[in-house]
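Please work from the sequences and hints to get the whole structure.
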Amino acid sequence: MISFGPTEEQELVRDTLRDFAASVVRPAARAADEASELPAGFLQQAWELGLTATQLPSAVGGGGEPRSPVTNALVLEELACGDAALALAATAPGAFAFAIADHGTAEQQARLLPRFCGQQFAAGAIAWIEPSPVFDPLALATSAEAKGDGFVLNGKKRFVAMGDLAQDFLVIARRANAVKPGFAALDAFIVPRGAPGVTLGEREKLLGMKALPAFALTLDRVELPASARLGGERGVDARRLLASSRAASAALLTGLTRAVMEYAIPYAKDRRAFGEAIAQKQAIAFQLADMRIEVDAMRWLAWKAASFLEHGRDATREAAQAFGYTAEQAVKLSDAGVQVLGGHGFIREHPVEMWYRHARTLSVLDAVAAL
Amino acid sequence: MIDFTLSQNDQRVLDYVRSEALVARRYARHFDENEHEFPPDELPEAKDFPGAFAVMGKQGPEDSGPVVLGMLITAGQTWGDYSVRMRRGRGVGLGNAALAASGTPEQKAKWGGLLLSMAITEPGCGSDPSLVQTTAKLDEATNAWVINGEKIFVTTGCRAEGAVVWATLDKSAGRAGIKSFFIPKTAPGFVVAHKEKKLGIRADDTAAYVFKDCRIPRDHLLGGREEIPKGESGGFRDVMKTFNMTRPMTAAFGLGMSQAALDFTREQLEAAGVDLSYGAGVHGKSAAADRFQRLEALQEAAMLTVLNAAWLSQSGKHNNLEASISKAKGGGAVREITQGCIDLLGPLGVSREHLVEKWFRDVRITDIYEGTGQIQRLIIARTILDYDRTQLK
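Protein chains in written order, with the working numbering: chain X, 1 to 371; chain A, 1001 to 1393.
Simulated from the structure, these hints should not be mistaken for lab results.
Just so you know, not all the hints are guaranteed correct.
[Said to hold, decoys possible] Selected chain X positions facing chain A (in silico; Cβ < 7 Å):
id : residue
1  : MET1
2  : ILE2
3  : SER3
4  : PHE286
5  : ILE293
6  : ALA297
7  : TRP300
8  : LEU301
9  : LYS304
10 : SER307
11 : ARG317
12 : GLN321
[Stated by the list, open to error] Derived EDC-like pairs (lysine to aspartate or glutamate); straight-line CA-CA distance at most 20 Å:
id : chain 1 : residue 1 : chain 2 : residue 2
13 : A       : LYS1171   : A       : GLU1227
14 : X       : LYS269    : A       : ASP1386
15 : X       : LYS281    : A       : ASP1386
16 : A       : LYS1185   : A       : GLU1122
Don't be surprised by glycine CBs; every beta carbon is placed ideally from N, CA and C.
As structure tokens, this is what we get:
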């Protein structure tokens, strides 16, 4: 059935997150960007919304609600409308925990998930991106070689969000004996931060999303037991892992672009030139109309990918379309937002220049989030 | 619940529509190259095809519903051809939509069964219908309206049995003075001047009308209100309402053809060994694959805006804004997609041995009729800015 109607429960979640974004996230965003730091207490405050624990199995102490990528798409859009950097930080534990819940063995779930069901914030981090201008999530340099019952990991990762607080990293690597690159060659490993050979590097200095703590990670002959391989002998469904991430990015980019639109509209109605509001000129009004058109299109693409994930269907195509489309539009429309505000779009008193930097940054971070 | 998967029944209907479309496509080139001919009301193969709505059956709770599925059926039909259909239904002209929106119950009962065209556009007035110059004067002596004027770009204009025609009772009254009339083809003074020659959708019947002292009975004024309302737009608003369904539908027409272009392009590229599989990042695929996938995403984005407008209507919610969004998005998308497919196919794309060059021509109208992309943006901008038409012109 094709339907665009959220359930009553989803409407409630969306409204709650919209309030949280407006009252907590947005007011803190600029200072966090300037300081390149998350606001004090923010992670715990977001934790108390229960975004991660609700959808974890009751067997490990979670809320036992069914996993719902669609609900999570609504959550991410709302949070990112507040601020995309803070949104990604708040949902990073979920990205790790949901990967364990969706792909992990019973033993891995029992070992790793209880900490995400408690009262205190717990972090996890996904390490997929690598430091190469030709990085491709399906063709990784980081390798995993079988050794005895276990594995040896070697490689370099970048942009590992929440790497400083995570107890464990989910490292995506290429099986050393794989014949050709592609989904089938990928594996995911749970790597404890204290494992010998694991070095957390410098904090990334970014154009946008500056408040998000992201780090380089080096894996130098890191020896892992067989139990570190996500999914055990079955391994990980890498298509689903990547689709989940891309759909999540699409939802974040939708929220971010909606923020630009919702800021530009009242500004353009208020700002006057040549005897009328600039919004009364088609040159401006049509740019705002395009924002309105595209925010819808972006959201539906994100929802469609999320819906496919929710049904357990292969969402590779849908998620790639959603991420590719929203990435392009977010940059284009936040750029238009800067232009509508003119000089004020360039001044750090208004948030639009920050959103432009966020959009440019988030749109090239493939494989950082999850639904 | 938010859901984007088709039910088994939905899929079965769409598979059936595809089987019809494949037959219709066999005739597509012929009617494109023989513009003076009209495709038949029924193809010779029709005896073997019961029709999509017969196949659809009763909609269950797991199905997408008649309006949403209707959009997919529409796009599935134009995937075969814009003008050639297994069956061309009667009573589905644009004029029928106008009659349904603004006619009295008696008028709907009397004329609803006829195929009606809608005649608004004139040589000097297109996007701004308040400039209508065609006049209607009441002749009290004979209780008849006398219509004078010229109408162009009338869809299904040659084959329609009657037309819903916009005419003004009083030019000085502006929009409020415009009324719509039902005029049967048999009315004295109704002349079908010619069939227009076009870039695309050539098999489609697009006519020009002339009304020369054309006389119709007094009760042929749709809605029956003869007075000119003060300070409001009168029947204008009613007629505009009909666009809330026809605009997404129009976008769906175009998107069926751009989908056809994408499917042909994929087939050709894959046969030539181009890997179009999804998953890899920008460095893991060819430039052609990247371009193609962007076009597919654009197609998907546009189609989803159409489905949203349809879903809102089906759910009994307002969809004025979303209807315009779908039309604006669809109108732009189909142009870019068919242009892009030709880029990817090169000379093959412009050869009349294949249909891509035809789809490129056929879709171009999508961003023009039923309100240009610019008119849609005006509507969208006025809505989101809460402006009326004096504040944003």
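Now the hints, each set against the structure:
no.: 1; hint: MET1; in the structure: holds, 5 Å
no.: 2; hint: ILE2; in the structure: holds, 4 Å
no.: 3; hint: SER3; in the structure: holds, 5 Å
no.: 4; hint: PHE286; in the structure: holds, 5 Å
no.: 5; hint: ILE293; in the structure: holds, 5 Å
no.: 6; hint: ALA297; in the structure: holds, 4 Å
no.: 7; hint: TRP300; in the structure: holds, 4 Å
no.: 8; hint: LEU301; in the structure: holds, 6 Å
no.: 9; hint: LYS304; in the structure: holds, 4 Å
no.: 10; hint: SER307; in the structure: holds, 4 Å
no.: 11; hint: ARG317; in the structure: holds, 4 Å
no.: 12; hint: GLN321; in the structure: holds, 4 Å
no.: 13; hint: LYS1171/A x GLU1227/A; in the structure: holds, 14 Å
no.: 14; hint: LYS269/X x ASP1386/A; in the structure: holds, 10 Å
no.: 15; hint: LYS281/X x ASP1386/A; in the structure: holds, 14 Å
no.: 16; hint: LYS1185/A x GLU1122/A; in the structure: holds, 18 Å
The structure shown violates none of the earlier numbered hints.
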